[in-house]
Each structure stands twice: as C-alpha cells, then as structure tokens.
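Trainee: Produce the complete structure using the sequences and hints provided.
Chains as they are written, first to last, in the numbering used here: chain D, 1 to 380; chain E, 381 to 760; chain A, 761 to 1048; chain P, 1049 to 1336.
You may find that some hints are simply not true.
Mimicking DSS-like on lysine-lysine, the simulated pairs with C-alpha atoms at most 25 Å apart in a straight line are [to be verified]:
hint	chain 1	residue 1	chain 2	residue 2
1	D	180	P	1159
2	P	1159	D	177
3	D	373	A	927
4	E	557	A	871
5	E	520	A	873
6	D	140	A	1016
7	A	873	D	180
8	P	1159	A	873
9	D	140	A	873
10	D	140	P	1159
11	A	873	E	557
12	A	871	E	560
A short list of chain D residues far from chain A (calculated; beta carbon distances all over 12 Å) [to be verified]:
hint	residue
13	7
14	235
15	294
Hints in this document: simulated from the structure, not taken from any laboratory.
Every residue gets a Cβ at the ideal spot worked out from N, C-alpha and C, and that includes glycine.
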Amino acid sequence: MDLYEHQAKAIFQQYGIPIPRGLVVRDESSLQAAFDAIGQESFGVLKAQVLTGGRGKAGGIKVVDSLPQALELLPNILGMRIKEFPVDSLLVEERLHIKNEYFMGLTIDPEASLPVLLLSPRGGMDIEEVAKDYPSALGKYVIHPSRGLPSFAVMDLARGLGFPHRLWGALIDIAGKLYKAFCQEEATLAELNPLAETTGDSLIAVDSRLSVDDNALFRHPELNELKKGFKEMSLKDKGLDYIDLRTGEVGLLCVGAGMTMLTMDLVAQAGAKARCFLDVSHGISAEGLSTALELLASEPGIKCVLVNMFGGLSRMDEIATFMLQAIEAMGGRFPKPILIRLQGTNAEIGRRMMMEAGYVVSTELEELMDNFKELLKGTK
Amino acid sequence: MDLYEHQAKAIFQQYGIPIPRGLVVRDESSLQAAFDAIGQESFGVLKAQVLTGGRGKAGGIKVVDSLPQALELLPNILGMRIKEFPVDSLLVEERLHIKNEYFMGLTIDPEASLPVLLLSPRGGMDIEEVAKDYPSALGKYVIHPSRGLPSFAVMDLARGLGFPHRLWGALIDIAGKLYKAFCQEEATLAELNPLAETTGDSLIAVDSRLSVDDNALFRHPELNELKKGFKEMSLKDKGLDYIDLRTGEVGLLCVGAGMTMLTMDLVAQAGAKARCFLDVSHGISAEGLSTALELLASEPGIKCVLVNMFGGLSRMDEIATFMLQAIEAMGGRFPKPILIRLQGTNAEIGRRMMMEAGYVVSTELEELMDNFKELLKGTK
Amino acid sequence: MSILVDKNTRLVVLGMTGRQGSFHTRLMREEGTNIVAGVVPGKGGQQFEGIPIYDTILQAKLAQDANACVFFVPASAATQGILDAIDAGIEVVSAITDGIPMHDMLLIQEKLKGSRTRVIGPNTSGLITPRQAKLGIMPSMAYKPGPVGVMARSGSLSYEVCYELSKAGLGQSTVVGIGGDRIVGTTFAELVPLFEADAETRAIVMVGEIGGVDEERAALTIKEHCSKPVVAIIAGSSAPPGKAMGHAGAIITQGKGTFESKREALQAAGVKVVRYPREVVQALREAF
Amino acid sequence: MSILVDKNTRLVVLGMTGRQGSFHTRLMREEGTNIVAGVVPGKGGQQFEGIPIYDTILQAKLAQDANACVFFVPASAATQGILDAIDAGIEVVSAITDGIPMHDMLLIQEKLKGSRTRVIGPNTSGLITPRQAKLGIMPSMAYKPGPVGVMARSGSLSYEVCYELSKAGLGQSTVVGIGGDRIVGTTFAELVPLFEADAETRAIVMVGEIGGVDEERAALTIKEHCSKPVVAIIAGSSAPPGKAMGHAGAIITQGKGTFESKREALQAAGVKVVRYPREVVQALREAF
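Mentor: Okay, structure coming up:
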C-alpha cells in the first residue's frame, strides 16, 4: 500500500526524521489553521496529494505568499487530475530555504533479496535520470537484517559520494531512523527525496514516500486504518486484486496475476485494450465475485468483459455458483457483453452451469479469443 | 564458577530437564526429610558433593536400602576428603533402574570459539576414554548463536550415533532445554552425564555439572548468591585470583596469570614446589593486598613467599604502599621468609619503599631466583 | 528422474484437516504422492483418512521420517511453520500460503542459510512431478510425465502452458512454481542447475512475467551453466508502464523488469522468448 | 613498518577521564601515540589536556577521522562500546577491559563478521609499536623499536619477555597482547600472517601458556604460511594437571592445552619452544 506524502511524513516524524511544518487541507475551511500552524513568515507551499509522480511538472505544487493567494489557488488544485488521479487533498507546508537537494531511500534489492540503502548527493525530481546517467552519483549498501545498518556503511557512502563532512552525522542519524521506520512499519519502500540541506546546515525531508507491505497490515492497526482511503485496498480485503489502467475498454476477470497479464496481452493482440484487471485468486467468495461483477458492470469505461480462469486452488463450480448468484442479485442478466472461459479444477461442472444460464462459455483459450474477435467485429 | 551437583540440578530442573528426586543433607538431622521426599520404595543413593571428578571410585557414592543404613554411612562420607577436597554435604537421591547411560554436554569449542553440543551413547564415568578411544561414539555440533540449536542437528547426531529412534524426541527436547539453560545462565559448561534411560523409556539426568561465567555473575543475582559457598569466589570479589594447588610449600603473589605460571615454573626449576597462586591483577586495593598477605601468612602449608610483579596497569608504588599498610596491620613484620621483586610502572619508588622497610627486594627476575635458591639452601 | 520431488518424497501436509488442506490432500494423493503425515496443532494422535496427524512438524518428521512439507495454513501461522520446518531439517518446503509478510521472508531467508532446507514459494501453486508427487494445488489434468522441466512465477499461467504442452504430447519432468512474492525462497536462477543436472529433463520452459529481475538473473545462469534448450514465455508485454514504485524502486531495478529488458537478456543467453502459450509448444518442437 | 598500529594511527581513548584512563592517556602520549579524541558519555564538548572529548565513538570518529580505540571502561559498559566501535567502522579496537562476559563475546564475534574491525583482547595489556603507538597499559621501559614481532596471551609475561629482549638489544616491531579470556577477538593464528607480511618483522616470538588450544592452532598456520623464525615461550610447564573443566571440556580439547601438546605441535611447525624469558633471547640469537 502506497501512502500519501502527508501520511508518510506523519509516520517518519514519529521516528524523529525532520519534516517541514504543515497541515493537510481538504477544503477552504482548514486553510486558516494551516496558515496559523506555519506562520506568516514562511507561508507557504501547496502540494497536491496524489499517488503518482510528476506532480510538480503537472502544476500540482504552488508557492504562495499569503492566505488570500492560497485561497485563490486552492480550488484550481483541488479540482485537477494528475495522470488521471483526481486531487482531493493538499498538504500545506512551510517554505524552506534550500541549499542542496539529496536523495535517500530504502527498498528491497531484487538481486540480493535484501534491504538496500540508496543515497545520492543529487536528489530532487530528476533522481532517476541522475542514477542512470551518473551511476557514480548514487551509492548503495545492501543490509543484512541480522546485522542492521552500521554507521560506518552510511559514513562510507557519504564520504564516497562527496557529501560535505559536516553532514555525515546527520546522514547517519537520519538513515538509522529511516531504516528503523522501514523495519518497524514493515515497509517495502521508504524514501526521502529531496532530503534538503537548508541554510541552517541541517537536513529535512521535503518530500517523502512510504509504501507498506499489504501482507503485514494485520499486525499494524494504525496502518490498517489508513487503508480505508484506498479503493484498491478495500477490494483487496474482499480477495480482489484490482488494477485500474484508466484507459481501454475491456474489463478482465481472472484468477492469478500471470493469467491476467496473458489475457491482457491476448486482448491487445486482438486489437483492443484492457481497462482494468480483477484478479480473484486470493480467496473466492460470493461477496468477492459479486463486488467484482458489480464493478465491471457499473464502470462506464468498460464496454465488455472477459472472464478467463484456469483453476487450481479455485474450484470452477464454486466460481460459477458465485457468479450466477451475483448476476441474479444484479437483476438476472449481466448488463454488458461477457465472454467466459473456465478450465481446471471442476471446470466441466462450472461450464455447464454457465451455459445453462445462457452465457457463451469456452473451454480452450483460443476459443475464448476467437469469440472475443467476433465480438469486436460486431461492435465496430 | 563451578557449581555443586545439587546446585546444577536445581537450575536444570527450572528448565524442565528431568532429574531424580532428592535432597541436600549436611548432617543427620535432615536425612529423615530426604527419606520422606524420596519414599521407602526407591531410597536411596548418597552422593558426596565435591567439585572434583572420580568421586565414585573414591567411595563418595553409596547405595542404601534403608534410613538406618543411611544414618550409619553418613558420617563416613561427610568426614572424607576426595582428592584433598573435604566433603561437607551430600545429595540423597532416589535409586533408578538404569538401562543405558548416555552423555550430553555443552561447552565452548576452542577451535571455533563457539558453543558446541556433545552427545554420546556411551556415557558414564569413562566418557573421556570413550571419546579418545572411540571417537566415532561421540558426536559434535557447533552452534552459531544467531541460528540457535536446530532440532535437525540433534536428530542427525542421534541418528548418526545409533541412538534408538524412540529416544530422538527426548534427546531433542533435553538438548533444547540444556542449550537454553546454557545461554540464559551464561554457562561455560553444562553437562548431563550420565543422562540415563530408565525402564520407562524416558531420559533423566543422573549426574549434572554446570559452570557459569564469573564475569557474568553481576547480572545473575541468584547465581551471585551461591558464590558465598566458594572461598575462591569470595577472594575474586577482592580482585584476587586464587588457586590452591593443595601441595607444595611456596606461596606466590604475582600480577598476571602468565607471570604467576612463569614464577611457578622457576620455583620448580629451583627444586621447590608452589603451594598456591595469588594473582592480584584484577584491581589492586589495600583490602586485596591485605587479604592476600594474611592468607599467605596464615596458611600453615606455606613455608615462604615469593612476590614477583612486573606492573603495567598496576603501579608498583601503590603495591608497595598497600603491602606495607597490610604488614603494619599484621603486627609490623611479615611472619615468614618473603622475597620481593618489583618491576615496571613506578617500580623504582616501590622498591625503595620496600627496601627502606627492611625487605629483600630485587629488580631482575634472575636476582629474585638467586635469592630464592639461597633461601632454599638455608632451609634445607 | 525429476527434480526436488519424486516417489521417494515423504510428504507432510500442514493444515491437513482444513477446508483447502483436506480437499487438496485427496487430490495430491490421487496424483500418487506419498503423504506420510499431517500436522494440525491440537489434533496430534488423530487420523485423516488413514494418515496420522501430529501436533508439530518435528514430531511428524521424527515419527514418519518425512522429508517434505506442503503448507495449507494461513499467513499468520506460516512463518513460524516454515521456521519450524527449517529447524527440523525438512528438505523441501512447498509454501502455498499467500500473504506472508515480506519482512518475515527476510527472517526466513537468513535462517535458510546454513540449513538443509529449500523453500519453494511462498504464494506458489507448488511443485509437481506428474504421477509421482504433487506438493501443490495445480489441476492435475493439465500435467503429464515427460521431458520438459517447467518453472513459473504465476500458477495460473503455468497451468495454461502445461495444459498446452500436455495436449501437444510434451509431458513434464517437474513443474515448479517459484511464487509471485517479492522475496521467494527459490529463484529461477537456482532451479536452472537442477534441471540441467536432471537426466530426464531435455528442455526447460520458463514461465515469466514483467516486473522483478528474476528472469534477467536466470539469463546469466542459463548462459553460463545450461546446455539444454530453454524457452521463455513472458506475460505482460502489452502492459502500460507500471505504476511508480518510488524512485528507489526505479533506481534499483534500473530499467530491468520490462518485457524488453527480459527478452534482451534471455535472447542473449540463447533463450527463445515468446508471448503466448501455443508459441511455447512450437518453439519446443523446433528445439527438440 | 609494523602491524596494526603505527604513527598514522588516530586513537580514541574510551573512558579518558577516569582514573586508569587519564593515567594511561598520559603514558600513551609519552610513547608518541597520536591520540585524537576521548569518549566519555556526558562529557562531550569538554577537553582533557587539550584532547577533545565526545559523547560517542561515532562522534569522535566523524570529527577526528579516528581509526583506533582503546578501552578503559568497566566490563558493564565495554560490550556496548565494542559493538558501537564495530558499527562506526573503527579498524583496531584494543579492549583492555577485563571481565567481559563470555556470552557477550559470542555476540561481539558474530557482529565482527562482515565488519571492518579487528578487536584485540579483551582482558589484554593492549598492543604497542614502540615509539609510534601504544594502545595499552604495558610499561614503556620494557620496549624498544626493532625487528621482533611479539604476540602474547599474558600481559605480565610479555613485559618480562620484551624487557629481556630490549636489554639484549632485540627491539620489537609490534607487540600484541591477544588477551587471556576464553574467547578473544584476535588469535595467535590470525596474527601470524600479519607479522609474516610485515617487512620490518624479522622474527616472531609467541608468549603462550598452558590451557586453551590457541598455540596449537597457530602451529598449523606457522607451518603453512610463515617463513620467518618463530620462538615460543610456554609458561606453566610445572603446573599439576589442571582442575577438571568437566568431561565436555576434556573431550573437546582431547589432550590439547598441555605444555607437551603445545610443544609437540609447535616443534612440528619448526618453532623453537622454551620455558624461561632468558632462553627466548638465546633462541632468537641463534635464529638470526
């Protein structure tokens, strides 16, 4: 689960990582409180809260001098969409006098399957390009959890990357706290970028990201609480992996991520485009299938639906039962063209049930895709 | 600190290791209580409590059938000396029907400097010979503390050593508990020998040894309490390492174990024999030196005293001051022939002080030993 | 021959009496698997369809000389169970369980070093040597014995691929699902030498997908250590650029993880890379 | 030349303002040691005779680019201090402190793996490269610069041996006390290759004693990796058979640890073994 900037910062602050003063604002009424919290002197920066990058370039960050100016700009930002993500909240923060922008991050090194600390003296928006074009400007240290993150490792990185000596202590301190947060919150990603040096020679996390492990939420009640704000997470609670591609016209309902991707590839091969994935592999239930089908039925962008399942753990007779129950509750007929393929455990029973209810059902993948191509022809 | 059998057993019992029923007895009056605790049926075994091996062969273990028989034998055992160790307590235990005697021990492997589990199906009194003559009858597993003692390691040892399958589970269980005790009590040695199989197919620790780390006693109040029973430990509290060799006639007072051993070798080379070591290296104090000198003065077996010190951390002016103070308190004159050599930090001042008080003081080791040889000639 | 599991496998089923556990215990048995014990804490001493149940893995191992485990327990219990299996010296652990926290896997990974255990998964469909041993949830109808070693990240996609292979008369030596999580006990790269050493395996199929760098790592191993033909199917070629994993994620993968990156790395190792299951059959026919 | 420490050593003194710490800080300085910082928690920002004091080892390392530490703190504080020094990447730690619990040393040992730190001791007199760097408590009058590398278990005995060497005109390249505890950070066997590689060291003296197996282990290393003459003095040849360490102790050492065992092992490696300090001088003269 990816947290919003303001959520990440609130957590990092608990670990003693310095962050700017600020407040979350969802409408005009709380802007005054943000202004009071920050003070006239360093007011203010308005930052759209969205779970995507490139927000600055898209106009999602504005610097203002006064409360009236902030009130004027607020509706523009709150109304905008950044890469199809609607903005419904802002973080209002103090302005800082930034001398240098650095990068510090923790994630899992996929080669070593171990945590890795990343550090760069050239942080900010273009860090990915820096890392690609100037690999020597990026330092890495792979962490063995039983040994922890030793101070000398951070010091070596700082020295090797040419960080000024006066900052080594602060870098060690913040890296230690970030690693502690990474472990205790069971994060998959923890990032401070830019980690800025201000005029006072101190470091502060101007922007932050934190992604936590969905699988570990059950032992983090306070993170679990945050989940409510994310549609994909509430679907996950019903056993559904949902990915909204935000373009395309075909809705996919499958079991398993690999099968979902294959189906998407086959849809593309046939000349169409998938709109969203729904992977029901994490526990089949009446409620889960019903939620999935309702979502596919109601989302206006979806013109037709492909159901492609090859069941192992999931029994196809159960799937058919749950789907028919759900469709019954929706009024007896699925409101959009729907093509179904069921294969694997108890598939024959499932197919018979769906066919008897009047749906087009395939056994083989080729058959499903042939039917899909026919459907496409008909709609064009 | 080596604990008595009954102390070791009391601790092992807290970790769930099976031990025989029994009671410590220091005189006739508590024998009745021991009889009651054990019961007529399996009464009883009398075991002298001494910190040395070979107690069985020396007659320190007696099997009795009745309380009167125990009462009759008690004074004999309580009065005896085993390898110069006086017996002042007994452990009275139930008799067991033993089918097989095994060996299980934990200590530090000196090659790896890591804990090692030792296991043998041929336990009992001759285990050291078994280990030497039949090395294949002894299994070892070196333990990495961060990984602990895995069950499969014990199982592999048990299988490889030909333990009957029915005992594997019990061996794993007891080894796990013994390792837990080893770690939590900060032991240097934990041993169950024999670990006996009784008629009921279960295992029980018929004899046990436990040595704990003197250096760790400060964080184990209950072990620290036991310390009082050991003369050498109470001396240690005053900064004195004391080793009583129980034969010989020369008392040694040195700084550092190596120097003590060298002095002992030189005494032997000169044709005499050291009676005891006193190493004052662990913190020189007025009280420590005074205790040391009193012990050397009062122990009747000691005919003369050699003081040989080459000080680094220990300052020889301090040593001289403390020694003179102590001798003053003993009546102004050390009651036995005493030869002194002081070298190292501030040695010149120390030598002058001792010489002015009328003692024979050397600078060089050869000089000390020449004086010693002269002394020997005079006494012979 | 085969890798990891065969008819000498002595399997313990964790969570045997649960809904999934009991259902799949029957199916695994039907495949010929030698299931010697179940483990259900609190039910030690009972039986399930003639199979003895124990309270702990160690008891099952001691009593039945088991050498493999399959997990049908929830994530909250699986971590401790896997640690117990490592402690007991179980050789192959098939961790079907989905949802094991990543930081638990870091712990498990460290414990695996110096152990004798190989963990397959978690979040895997398991592994199968057709008609000999099945330690998983895959639909048996998709599998036949034969000369193709299959390793897959996605269970569902591997069913489809194996089903196509079987229909075309290309049976499988062993099929291993490595699992879909970020940290898995056994990677593609670690399976390559096992298939290479297995006399019955004549070709290898890798069922991969976009994301992660496991296919790229395997490419290096294949290049250096594998003489057998390898065909890779990579799903997700039509996926739009992934949702950002943060800069740290992007930096550390440095452009790896895409279909193109995987195809290039694999082709450089002499691997035929395809997109759809039918093409796997075709590529294999050309390779044989 | 020398090993481990020389005039480029930048030393931090732990417990600098204590009774022993202050006394020996002065003596170490008199030997020429470059003491760049002291560490005394709570006294950060103060000075001791012109030397800046910090609260933590890491601060001292950061501010003064220190690369070595010497410990004059009690055992109760030393374990954490050594772990901190490892964490800070200090290269040489001279752990004078006596009384560190053995199980703490097991912890320290594991932490040392994968670190850049070498721990000398604990319970050691420290190490000295005469007139360049002294990280210990040895009496300076016993040492002179020269070609003999000395390594010793017992501090006091090494003073005596070095004093004899110096009187005979045989100065020392570096003298290292490995410490008298059961588990030490650096063993004789680990020092042999360092002396072997040091151009100035022309011969090695090992000051050993009965007990333990460190001399026997070193004999193997000397046999295989050392071309320089080695003389060993082993104290305790007249000791009566040791007090039993329990069967486990006896079994695990299997007759090693005695004077005879050590002499045999060392002689087999070409080492001249003697009993008394004067004999060391004689043996070295023969070797040169």
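Trainee: Now tell me if each hint is right for this structure.
Mentor: Verification of the hints:
1. 180(D) x 1159(P): holds (18 Å)
2. 1159(P) x 177(D): Holds, at roughly 20 Å.
3. 373(D) x 927(A): Cα-Cα ~24 Å, so holds.
4. 557(E) x 871(A): holds (20 Å)
5. 520(E) x 873(A): It holds: about 20 Å lies between the C-alpha atoms, which stays within 25 Å.
6. 140(D) x 1016(A): Since the Cα atoms of residue 140(D) and residue 1016(A) sit roughly 17 Å apart, the hinted pair holds (cutoff 25 Å).
7. 873(A) x 180(D): OK: residue 873(A) and residue 180(D) at ~24 Å, within 25 Å.
8. 1159(P) x 873(A): Holds, at roughly 16 Å.
9. 140(D) x 873(A): holds (23 Å)
10. 140(D) x 1159(P): Holds, at roughly 21 Å.
11. 873(A) x 557(E): holds (24 Å)
12. 871(A) x 560(E): Holds: residue 871(A) and residue 560(E) sit about 19 Å apart, inside 25 Å.
13. 7: The assertion about residue 7(D) holds, with a minimum of 14 Å to chain A.
14. 235: holds (15 Å)
15. 294: Non-interface label on residue 294(D) holds, nearest chain A Cβ at 23 Å vs cutoff 12 Å.
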